[in-house]
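Enquirer: Read off the chains here:
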Amino acid sequence: MTKSIVLQMEGIRKVFGTVVALDDVNLQLNSKEIHGLLGGNGAGKTTLMNVLFGLYKPNAGKVELHGEKVEIRSPKDAINNEIGMVHQHFLQVDSYTVTENIVLGTELKSWPTLKLEVEADQIRALSEKFGLAVDPDTIMSDLPIGVRQKVEILKALYRGVEVLILDEPTTNLTPQEVDDLFESLRVMVDEGLSIVFITHKLREVMSVCDKITVLRDGQNVLTEDRENVTEKSLVKAMVGEGLNVEESVVFSSVVSGAETRWGASEFGEPVVKVEGLHAQNEDSIVVIKDCTFEVRQKEILGVAGVAGNGQQALAECLMGVCPIHQGSVIVDGMNVSETETRDLLEGGVAYIPQDRLLDGFLPTASVAHNLILGYQRNQAYSNKGFLDWKIIFQSARQQIDEYTIMTPSAGDVAANLSGGNIQRVMLARAFAHPSSFLIAHNPTRGLDIRSIDFVYKKLFERKEAGAATLLISEDLDELFRMCDRIATIYSGEIVGILEKGEFDKYEIGRMMSGVKAND
Amino acid sequence: MDEFIPQFVGFARLVVLAIVPFVLASQGTMLGGRTGLFNVAQEGIMLLGASLGFLGAYLYGGLGYGVLLAVFSGAIAGLALAYFTTTLKMNQFVIGLAIFFFTMGLSTLFYKFVVGVTLQPPLIPTLQDLPIPVLSQIPVLGEIFFNQNSMVYFAILFSLFLYYLLYKTSFGLKLRAVGENPKAADSLGVNVDRMRYFTAIVGGMLMGLAGAYLPMVYTGTFTAGMVQGRGWIAIALTFFGGWSPGLILLGSLFFAGVEVLALRIQVGGFGIPYQFLLMLPYLATILTMIFAFKWIKAPAFLGQNYDREKRSLS
Ligand SMILES: Nc1ncnc2c1ncn2[C@@H]1O[C@H](COP(=O)(O)OP(=O)(O)OP(=O)(O)O)[C@@H](O)[C@H]1O
Ligand SMILES: [Mg+2]
Numbered sequence: 001m002t003k004s005i006v007l008q009m010e011g012i013r014k015v016f017g018t019v020v021a022l023d024d025v026n027l028q029l030n031s032k033e034i035h036g037l038l039g040g041n042g043a044g045k046t047t048l049m050n051v052l053f054g055l056y057k058p059n060a061g062k063v064e065l066h067g068e069k070v071e072i073r074s075p076k077d078a079i080n081n082e083i084g085m086v087h088q089h090f091l092q093v094d095s096y097t098v099t100e101n102i103v104l105g106t107e108l109k110s111w112p113t114l115k116l117e118v119e120a121d122q123i124r125a126l127s128e129k130f131g132l133a134v135d136p137d138t139i140m141s142d143l144p145i146g147v148r149q150k151v152e153i154l155k156a157l158y159r160g161v162e163v164l165i166l167d168e169p170t171t172n173l174t175p176q177e178v179d180d181l182f183e184s185l186r187v188m189v190d191e192g193l194s195i196v197f198i199t200h201k202l203r204e205v206m207s208v209c210d211k212i213t214v215l216r217d218g219q220n221v222l223t224e225d226r227e228n229v230t231e232k233s234l235v236k237a238m239v240g241e242g243l244n245v246e247e248s249v250v251f252s253s254v255v256s257g258a259e260t261r262w263g264a265s266e267f268g269e270p271v272v273k274v275e276g277l278h279a280q281n282e283d284s285i286v287v288i289k290d291c292t293f294e295v296r297q298k299e300i301l302g303v304a305g306v307a308g309n310g311q312q313a314l315a316e317c318l319m320g321v322c323p324i325h326q327g328s329v330i331v332d333g334m335n336v337s338e339t340e341t342r343d344l345l346e347g348g349v350a351y352i353p354q355d356r357l358l359d360g361f362l363p364t365a366s367v368a369h370n371l372i373l374g375y376q377r378n379q380a381y382s383n384k385g386f387l388d389w390k391i392i393f394q395s396a397r398q399q400i401d402e403y404t405i406m407t408p409s410a411g412d413v414a415a416n417l418s419g420g421n422i423q424r425v426m427l428a429r430a431f432a433h434p435s436s437f438l439i440a441h442n443p444t445r446g447l448d449i450r451s452i453d454f455v456y457k458k459l460f461e462r463k464e465a466g467a468a469t470l471l472i473s474e475d476l477d478e479l480f481r482m483c484d485r486i487a488t489i490y491s492g493e494i495v496g497i498l499e500k501g502e503f504d505k506y507e508i509g510r511m512m513s514g515v516k517a518n519d
Numbered sequence: 520m521d522e523f524i525p526q527f528v529g530f531a532r533l534v535v536l537a538i539v540p541f542v543l544a545s546q547g548t549m550l551g552g553r554t555g556l557f558n559v560a561q562e563g564i565m566l567l568g569a570s571l572g573f574l575g576a577y578l579y580g581g582l583g584y585g586v587l588l589a590v591f592s593g594a595i596a597g598l599a600l601a602y603f604t605t606t607l608k609m610n611q612f613v614i615g616l617a618i619f620f621f622t623m624g625l626s627t628l629f630y631k632f633v634v635g636v637t638l639q640p641p642l643i644p645t646l647q648d649l650p651i652p653v654l655s656q657i658p659v660l661g662e663i664f665f666n667q668n669s670m671v672y673f674a675i676l677f678s679l680f681l682y683y684l685l686y687k688t689s690f691g692l693k694l695r696a697v698g699e700n701p702k703a704a705d706s707l708g709v710n711v712d713r714m715r716y717f718t719a720i721v722g723g724m725l726m727g728l729a730g731a732y733l734p735m736v737y738t739g740t741f742t743a744g745m746v747q748g749r750g751w752i753a754i755a756l757t758f759f760g761g762w763s764p765g766l767i768l769l770g771s772l773f774f775a776g777v778e779v780l781a782l783r784i785q786v787g788g789f790g791i792p793y794q795f796l797l798m799l800p801y802l803a804t805i806l807t808m809i810f811a812f813k814w815i816k817a818p819a820f821l822g823q824n825y826d827r828e829k830r831s832l833s
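Protein chains in written order, with the numbering used here: chain G, 1 to 519; chain Y, 520 to 833.
You may find that some hints are simply not true.
Here are the simulated SDA-like pairs of lysine to any residue, each with C-alpha atoms no more than 20 Å apart in a straight line [unchecked claim]: (1) Y:Lys687 - G:Ala120; (2) G:Lys57 - Y:Lys687; (3) Y:Lys608 - Y:Glu828; (4) Y:Lys693 - G:Leu91; (5) G:Lys289 - G:Asn335; (6) G:Lys232 - G:Arg203; (7) G:Lys129 - G:Val118; (8) Y:Lys816 - G:Ala307; (9) Y:Lys693 - G:Cys322; (10) Y:Lys608 - G:Pro363; (11) G:Lys115 - Y:Lys829; (12) Y:Lys608 - Y:Gly624; (13) G:Lys289 - G:Ile330; (14) Y:Lys693 - G:Arg203; (15) Y:Lys829 - G:Pro363; (16) Y:Lys693 - G:Asn335; (17) Y:Lys816 - G:Ser95; (18) G:Lys289 - G:Gly268; (19) Y:Lys687 - G:Ser110; (20) G:Lys57 - Y:Gly708; (21) G:Lys109 - Y:Val659; (22) G:Lys57 - Y:Thr606; (23) Y:Lys687 - G:Met140; (24) Y:Lys687 - G:Pro112; (25) Y:Lys816 - G:Asn335; (26) Y:Lys829 - G:Asn335; (27) Y:Lys816 - G:Ser110; (28) Y:Lys829 - G:Phe90; (29) Y:Lys608 - G:Ala415; (30) G:Lys115 - Y:Leu598; (31) G:Lys109 - Y:Leu587; (32) Y:Lys687 - G:Ala415; (33) Y:Lys687 - G:Lys289; (34) G:Lys109 - Y:Thr688; (35) G:Lys57 - Y:Lys693; (36) Y:Lys829 - G:Trp111; (37) G:Lys76 - Y:Arg827; (38) G:Lys76 - Y:Lys687; (39) Y:Lys687 - G:Val118; (40) G:Lys57 - Y:Lys829.
These aren't lab readings, by the way, just hints derived from the structure by calculation.
Sequences and hints are given; from them, build the entire structure.
Expert: Written out as C-alpha cells, the structure reads:
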C-alpha cells in the first residue's frame with residue numbers, strides 16, 4: 001500500500017543572526033502517520049515546526065501540502081491550511097477560561113457577541129471523543145500543567161486540523177497521562193490526521209511513531225521507518241560520536257547497572273532534618289502536611305508524585321522561600337526559617353528549580369548574567385560590591401564550554417536559547433559552586449539524552465563528594481536509577497518512603513494516588 | 520440642611536462636568552494598554568486637541584469643526600505611536616515622550632500661526648448645556664447627571680460601550696488577548712499589529728477629544744498651560760481603574776472631585792496656600808497609586824512590543 005504524501009518541506013533554511021538553526025532541512029509526512037522528530041537540544045526541531053506554522057519566515061525552502069506549494073506567512077495561513085501546533089511552551093491567556101482560550105480567533109456562533117455555550121458544548125464533545133478530559137469553564141491559571149497541555153491540543157483540534165504538530169507534549173505529563181495521550185493520538189490518526197511528534201524520550205518514539213526523522217545541528221541525519229531503527233541507532237544519529245552509549249547512565253541496562261558502576265555508598269551524617277513540617281500558600285491552603293524526613297551525606301532521596309502535590313512547596317520550604325508554619329527544617333546546621341535564602345545559597349545549598357521560565361531565569365538578561373544569578377555577592381565575582389565583569393565573563397565562557405550551552409556568545413540575550421539550553425544554564429549555575437545539599441526539581445525535563453546523562457553524572461559526582469541530594473521528579477525511571485530512597489508525596493503529605501531494593505512501580509503508583517504504604 | 524442639598528448638588532454637578540477630560544483620556548489609555556501599547560503622550564495630545572479644537576471652532580465658526588480637527592489630530596498621533604512601536608519596534612516610552620513633546624510644541628505653534636500675539640485673546644462660544652427631557656426633572660440626580668452638556672453624556676455612554684465591547688463581544692476577547700499574551704493571540708490567527716494600530720488610533724482620538732473639551736467648556740480660549748497635568752493624571756486613573764472601562768468611569772469621579780474641591784477652596788480663600796491646592800490632584804494621584812497598586816492588574820504585556828520571531832519567555 002502506498003501512502004499519500006500530505007506534507008513536504010524541502011530545503012528549509014533559517015538563520016538567526018549568526019546562528020544557522022536550519023540548514024537545507026527536508027521533512028515528508030504521509031497521511032495518517034505519526035512522525036517522530038528527534039534531535040538534541042538546539043537541533044532545530046522547534047524552529048522547523050515554527051516555520052511550518054508561519055511563526056518564522058524561512059530564508060530558503062518551500063512547503064507543499066498535497067503536492068501543491070503553499071505560502072505560509074502567518075499562523076493564520078497555517079490554520080487556514082489545517083495545520084495545528086501545540087507549542088513547547090504553552091501559549092495561553094492565563095486569565096481566560098478554557099473555552100475562551102480555545103475559541104479565541106475563530107468565528108463564533110454568537111458573533112458579534114460573546115455567548116460561548118455552543119462552543120463549550122463542542123469542546124466537551126471533542127474532549128470526550130479524543131479522551132482529553134477538561135472542564136471548559138475553568139479559568140486557565142487554575143489548571144494543573146497536565147490539563148493545560150490537553151487544552152493546547154484541543155485548541156488545535158477545535159480548528160479542524162489535518163496536520164498536527166506536537167512539540168514535546170509529554171514533558172509535562174505523568175506516565176499515566178502519557179499513555180492516555182498516546183491513545184488519543186491513535187484516535188486522531190484513525191480520524192485521518194497526520195502528526196509530527198517531537199520528544200526526547202526514545203521509548204515514546206519507539207512505542208508510538210511510524211516514521212522517524214532525526215535532526216542534528218540543523219541538518220537532516222536520518223529518516224527511517226520505526227521497524228528499521230533501534231534506540232541505540234537513534235542515539236547514535238542524534239549525538240553523533242559524542243556519547244559513549246556503553247558508558248552512559250541512561251543506558252545502563254538494569255537499575256543495578258548504574259548502582260554497580262557508581263558504587264553503593266556509605267551514607268554519612270544527616271545534612272537535612274525536616275520535622276513535622278506544615279506549610280500554607282498565600283491563600284492559606286495547606287500545601288505541606290506533617291512532613292518528616294532526613295537526607296544524609298552521600299544520599300539521594302527521591303520524591304515521587306503527580307505534579308502539583310506539594311513538590312514545589314517542599315522545595316521552596318527547604319530553600320526558605322516558602323514560609324514554614326509548623327515544624328522545623330534544619331539544613332546543614334542552619335535553621336531555615338531563621339536564615340535568609342541568600343545565606344543558604346552561600347552556606348552550600350544549591351537549587352535547580354523546576355519552572356525554568358518563571359524562577360531563576362531572566363530572559364532579557366545575558367547568558368553570563370544568568371549564570372551568576374544569586375551568586376553575585378560571591379567573592380570571586382565581586383569586588384567591594386562591584387561586579388567584576390571580566391571574571392564573570394571568563395567563568396561564563398568556561399561554563400558554556402563545559403555544559404555545551406549553545407549560544408553565539410556569553411553576552412547574548414538568554415531568551416534566545418533553546419528550551420534545553422536554558423536548562424543547561426540552570427544546571428551550570430547550580431553545579432558551579434560547592435554544595436552540601438542540592439535540591440533538583442525535574443532537572444532533566446526537556447533535556448536530550450546527552451544532557452540527561454551529563455546531569456546524572458554530575459549528580460553522582462556530587463554524591464560521591466559527600467553532598468545530600470533531594471531529587472524531585474515525575475519521571476519514575478529517573479528516580480529508580482538515581483535514588484537511594486524514594487519518598488512519595490500526595491497532596492502535601494509523604495505517604496511512604498521506600499528503600500532501594502524495594503522500589504516498585506506499581507507500589508509507588510498506588511501511593512501517588514494517595515494509598516498509604518501499609519494499606 | 521436646607522442649605523446643604525443645593526450646595527451639594529451644585530458641587531456634584533461640577534464634578535460630573537469635570538470628569539470628561541479624565542474619562543476620555545483615560546479610556547484612550549486603557550484601550551491601547553489592553554493590547555499592550557502604553558501611550559504616555561496624553562498630556563501633549565490633549566494640548567494639541569485643545570489648540571486645534573479651539574482653532575477649528577474659531578476659524579470655521581462651529582464647535583463641530585473644532586471637535587473634528589481635535590479628533591483627527593489625536594488619530595494621527597496614535598497612528599504615529601503605533602507605527603514607530605508596532606511596525607518599527609521602537610521603545611514605547613521613548614516614542615511616547617517624543618510624541619508628547621512634539622504635540623505640545625505643535626499646539627502653540629498652530630495657535631501662534633493662526634491667531635498671532637494679541638492683547639485680547641479671541642473667544643469661542645462654549646458648549647451649551649443640553650438638559651435631557653423628563654430625566655433632568657428628577658430631583659437631585661436630574662440636576663447632577665442629566666442637565667449637562669452633550670460631551671458629558673458622550674463620555675459616560677462611550678465608557679459603557681467600551682465595557683460592552685471589551686467583555687461582551689468576540690472582538691473584545693481578541694483585543695484583550697493581545698495585551699495579555701500577544702504570542703498566544705498571534706498563534707491563533709489574531710492580527711496583533713492590526714489590533715494595536717486600531718487601539719492606538721482610537722485611543723489617540725479620545726485623547727484629542729479630551730483636550731478639545733477644555734476650551735470648549737471651561738475657558739473659550741486656548742492657553743499653553745491649559746491641560747494642567749490632566750494627561751498625566753489620566754495615566755494614574757487608568758491604573759486606579761484597573762484598566763477596566765467601568766472602574767475608570769467611577770474613578771474619574773474621585774479625580775474630578777479633587778480638582779473641583781481644590782478650585783472651591785481656592786476661591787473660598789481658607790488661608791491655604793494656592794500652591795498647595797494645585798498640588799492636591801497630584802498628591803491624590805500618588806496616594807491612590809500606593810493603595811491601588813495592591814489590587815490593580817495591568818495587562819501582562821503592557822509596554823512591550825511583540826516580534827513574532829523574537830523569543831520572549833515572560
Ligand atoms: N527566535 C530565535 N532567535 C534567536 N535564535 C533562535 C530563535 N529560535 C531558535 N534559535 C536558535 O536556533 C537553534 C535551534 O533552536 P530550536 O529551538 O529549534 O531547538 P530544539 O531542537 O527545539 O531544541 P530543544 O530540544 O532544546 O527545544 C538554537 O541554537 C536556538 O538558540
Ligand atoms: Mg524545542
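Enquirer: Taking the hints in turn, state whether each one holds.
Expert: So, going through the hints one by one against the coordinates:
1. Y:Lys687 - G:Ala120: With Cα atoms ~16 Å apart, Lys687 of chain Y and Ala120 of chain G stay inside 20 Å; holds.
2. G:Lys57 - Y:Lys687: Status violated; Cα separation ~35 Å.
3. Y:Lys608 - Y:Glu828: Holds. Lys608 of chain Y to Glu828 of chain Y sits at ~12 Å (cutoff 20 Å).
4. Y:Lys693 - G:Leu91: holds (14 Å)
5. G:Lys289 - G:Asn335: holds (19 Å)
6. G:Lys232 - G:Arg203: holds (11 Å)
7. G:Lys129 - G:Val118: holds (17 Å)
8. Y:Lys816 - G:Ala307: Cα-Cα ~28 Å, so violated.
9. Y:Lys693 - G:Cys322: Status violated; Cα separation ~36 Å.
10. Y:Lys608 - G:Pro363: holds (18 Å)
11. G:Lys115 - Y:Lys829: violated (35 Å)
12. Y:Lys608 - Y:Gly624: Between Lys608 of chain Y and Gly624 of chain Y the Cα gap is close to 25 Å, so the pair fails against 20 Å, i.e. violated.
13. G:Lys289 - G:Ile330: At roughly 17 Å apart (the allowed maximum being 20 Å), Ile330 of chain G and Lys289 of chain G satisfy the hint.
14. Y:Lys693 - G:Arg203: Roughly 40 Å between the alpha carbons, so the hint for Lys693 of chain Y and Arg203 of chain G is violated.
15. Y:Lys829 - G:Pro363: holds (11 Å)
16. Y:Lys693 - G:Asn335: violated (50 Å)
17. Y:Lys816 - G:Ser95: Cα-Cα ~11 Å, so holds.
18. G:Lys289 - G:Gly268: violated (27 Å)
19. Y:Lys687 - G:Ser110: The given pair, whose Cα atoms are some 11 Å apart, holds under the 20 Å limit.
20. G:Lys57 - Y:Gly708: At roughly 16 Å apart (the allowed maximum being 20 Å), Gly708 of chain Y and Lys57 of chain G satisfy the hint.
21. G:Lys109 - Y:Val659: Answer violated: Lys109 of chain G to Val659 of chain Y is near 44 Å, above 20 Å.
22. G:Lys57 - Y:Thr606: Since the Cα atoms of Lys57 of chain G and Thr606 of chain Y sit roughly 16 Å apart, the hinted pair holds (cutoff 20 Å).
23. Y:Lys687 - G:Met140: holds (19 Å)
24. Y:Lys687 - G:Pro112: holds (9 Å)
25. Y:Lys816 - G:Asn335: It is violated: about 36 Å lies between the C-alpha atoms, which goes past 20 Å.
26. Y:Lys829 - G:Asn335: Violated. Lys829 of chain Y to Asn335 of chain G sits at ~44 Å, over the 20 Å cutoff.
27. Y:Lys816 - G:Ser110: violated (28 Å)
28. Y:Lys829 - G:Phe90: Since the Cα atoms of Lys829 of chain Y and Phe90 of chain G sit roughly 16 Å apart, the hinted pair holds (cutoff 20 Å).
29. Y:Lys608 - G:Ala415: holds (17 Å)
30. G:Lys115 - Y:Leu598: Given that 20 Å is the threshold and the Cα spacing comes to 32 Å, the pair is violated.
31. G:Lys109 - Y:Leu587: Violated - the C-alpha atoms of Leu587 of chain Y and Lys109 of chain G are around 37 Å apart, more than 20 Å.
32. Y:Lys687 - G:Ala415: violated (36 Å)
33. Y:Lys687 - G:Lys289: violated (43 Å)
34. G:Lys109 - Y:Thr688: holds (12 Å)
35. G:Lys57 - Y:Lys693: violated (24 Å)
36. Y:Lys829 - G:Trp111: violated (33 Å)
37. G:Lys76 - Y:Arg827: Judged against 20 Å, a Cα distance of about 13 Å means the pair holds.
38. G:Lys76 - Y:Lys687: Given that 20 Å is the threshold and the Cα spacing comes to 24 Å, the pair is violated.
39. Y:Lys687 - G:Val118: With a Cα-Cα distance of about 16 Å, the restraint between Lys687 of chain Y and Val118 of chain G holds, given a limit of 20 Å.
40. G:Lys57 - Y:Lys829: holds (12 Å)
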